[in-house]
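Novice: Each chain, letter by letter, is given below.
Protein chains: 2
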Amino acid sequence: MANVTATIITIGDELLIGQTIDTNSAWMAQRLNEIGIVVERRVTIADKADDIRLALDEEIPRADIILMTGGLGPTADDITKPFLCEYFGGKLVLNEKVLEHVKTLFERRNKPFLERNRMQADVPDVCIVLYNEMGTAPGMLFEKDGKYIISMPGVPFEMMSIMTKEVIPRLQSKYVSDAVLHRTIITSGEGESFIAETLEDIEEALPMGIKLAYLPSPGIVKLRLTATGGDETQLSKELEKYQQQIADRLSDIVVVMNDIPIQELLGNALREQGKRMALAESCSGGYIAHLITQVQGSSDYFQGAIVPYQSKLKNKIVGVDADMLKEHSAISEEVAIELATKSLAMFNSDYCLSVTGQLSHGGEDAHIQKGLVWMAVADKDRVKTKKYLFHYGRELNKELTAQIGMLMLWKFITGRI
Amino acid sequence: MANVTATIITIGDELLIGQTIDTNSAWMAQRLNEIGIVVERRVTIADKADDIRLALDEEIPRADIILMTGGLGPTADDITKPFLCEYFGGKLVLNEKVLEHVKTLFERRNKPFLERNRMQADVPDVCIVLYNEMGTAPGMLFEKDGKYIISMPGVPFEMMSIMTKEVIPRLQSKYVSDAVLHRTIITSGEGESFIAETLEDIEEALPMGIKLAYLPSPGIVKLRLTATGGDETQLSKELEKYQQQIADRLSDIVVVMNDIPIQELLGNALREQGKRMALAESCSGGYIAHLITQVQGSSDYFQGAIVPYQSKLKNKIVGVDADMLKEHSAISEEVAIELATKSLAMFNSDYCLSVTGQLSHGGEDAHIQKGLVWMAVADKDRVKTKKYLFHYGRELNKELTAQIGMLMLWKFITGRI
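Residue numbers (the numbering used here), protein chains in the order written: chain P, 1 to 417; chain H, 1 to 417.
Hints are not guaranteed to be accurate.
Pairs involving identical chains hold if they fit within one copy or between any two copies, as the list cannot separate such chains.
Taking lysine-lysine pairs in the BS3-like style, the calculated list, with each CA pair at most 25 Å apart, reads [as the list claims (entries may be wrong)]:
id, residue 1, residue 2
1, 316, 380
2, 326, 222
3, 384, 312
4, 91, 380
5, 411, 147
6, 48, 312
7, 222, 111
No lab work stands behind these hints, which were simulated from the structure alone.
With the rest of the complex left out, here is chain P (with noise of 0.2 Å):
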């Protein structure tokens, strides 16, 4: 047995000229690779007929499965559905069972119902029709030479609707394939270079079917280990058996052995302790509180935070002494200690974080050296602070604002700090 093959098609103008990133790939290829499938390439491509042609007639003999999406919906920018009816061979036909849905979509917003609506309804009779459940556009299933391409919407949460209720559960029952799992360490404290030095000997020891790799990105490094084969129960047990050796070499950097975001592994800490958190967030704008609200759950240990980006409302909302901030200007030890214990107080919290900082050039604290940043973390009993100057543009300073203010705090509950 072996490995399942898919491409990746997505089709799009909007996509070649940048004014849309392509989020769908991922998450399709995290889907795929859940029931033993691997991507092996992906494509991106115009609307334009000949280049969509040009991409089947290249891909459809590299791959068992061709995934695509883009071009679906009912504007006349939208060709991807009479190009695919006429390389297969069929003709359009009207789908009763996607019409009743159509119609119902519109009656629930309140719009009007048009012909070019009625024409989402039309399917090319040599396929299949995955049913669309969030949106007017359905997918469609064909078949060539014993394999299967599949066309879905652009759209992501249509897109996603019908991989989870159509697609996945017919490549499960078509293909069997070898098993294909990931193993994942999350590092913070060290670059990928010193982690590759320190692993070089276990890296070179590991046996062919098991690949390690190196993923930087802001504050942290992930190490994936990834290995395919027939029995995954097997598989499974030895790459944690590689997993656990090299956590063990790591030890002092490692902070998590499963790829899941910080904002998790800090909810997971709170909840095992029955513990609630509050923010003071100034330079991060409310960032650290919209990735800690992106976990479903969390308001079962998320209180709440304040953003006093200005830097007066730190002493109006927060309470911070109006000549601490004068004396130690608002990006400043002194302050972020008073953030943390003082909104730790308005919010009747058990773990409080602050952080304030200078992410880039101008506003009221443009005499402070871009990039600077305090961070002080506090229960009733201890606080703890950092200081980081960071060296990189607005977005990035944030981002690691973010998942270093969210480490730390982490590691205060878990008393490694």
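Using the hints provided, position chain H relative to the given structure of chain P.
Specialist: The following block gives chain H in isolation, referenced to the frame of chain P:
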């Protein structure tokens, strides 16, 4: 004259297993479009020599320029550099300037300088080295059959630095391209079908070289006109004529005639009036504050936010009446109004937007209908409220809340509501 064309090849297993979302390609495409270069294809492949070879063999004949990212790091899974060296028939030689730079970076970070880092200064003797100010892996420019093949690291801010400082100037001096121009109209309030219907005659009468595309996203539909041609001034004039014609037809639902995020539109309106705003975000959990503070210079008009994620904080910190919370629940018009007006006073602001809702199942308000969101906007004289029922998952409902909330505040500020 015609357009110079490019293919983007992104290399990395993490892109094919979906561990990383490719944001680089969109950014690169935008920069290329600005100098008239059209991206016709994007291909994503694994860190495997055979796959890189196939991609180069196929793509070099098809485009004038090949831009590649990824696989240039210091670890064993990074194979792009030795592969390209062999592919273009060169050998690796030490580059003293790169070596000095890499050493300086390690000194600044107080990290040991390792042999594998020294090796990052080895470059093929058949390329032009593209200096990487932000990191340790240099970019490389190869020439073959009169075409440029450019390799850069996949770390976004490193790629961006090399593109801006090294790649774009070289492309501009080598290639003369027709212009590629885009003009966008952002609308809110109608679906793409209805808009397409309204514009049908205008769209049909567009000249050959001008294309209209529809891009629906949460809360808005973008209309994009694209044209290519030799005379940029003439082209721009013509595009703007059609842009105006479309805007006149759609008058009611046009938000802005420019492809800017809603947070920037809102910031511009506030700056014009010399006014400031605050936020009381409950269900959106800091996301709106995050979006607003992504805009450089937002501290001129954004004062701050309170995120009273747990219900009783709406009383304790913002001062919403406890009986009102009990009687109407936290997700009600009454509480949205109180949140907006009380926060307006707390921040001493000119405008305040409040949102309170139930984005997904569970939490304190599990009895409330999923997707129900109340919003209020207030200044010292007026309050406006609106109720929404969103039908999607947690993340998309959050996105809708943020986009629609910011649009509502913008309409309030500019006297549209």
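Novice: For every hint, state whether the structure bears it out.
Specialist: The hints, checked one at a time:
1. 316 - 380: Both, since 22 Å and 19 Å are each at most 25 Å.
2. 326 - 222: Cα proximity of residue 326 and residue 222: none, with 41 Å in one copy and 46 Å across.
3. 384 - 312: Close inside one copy (24 Å), not across copies (28 Å); limit 25 Å.
4. 91 - 380: Close neither inside one copy (71 Å) nor across copies (62 Å); limit 25 Å.
5. 411 - 147: neither (50 Å within a copy, 51 Å between copies)
6. 48 - 312: Neither: 56 Å inside a chain and 55 Å across chains, both beyond 25 Å.
7. 222 - 111: between (47 Å within a copy, 19 Å between copies)
In summary, the numbered hints that this structure violates are 2, 4, 5, 6.
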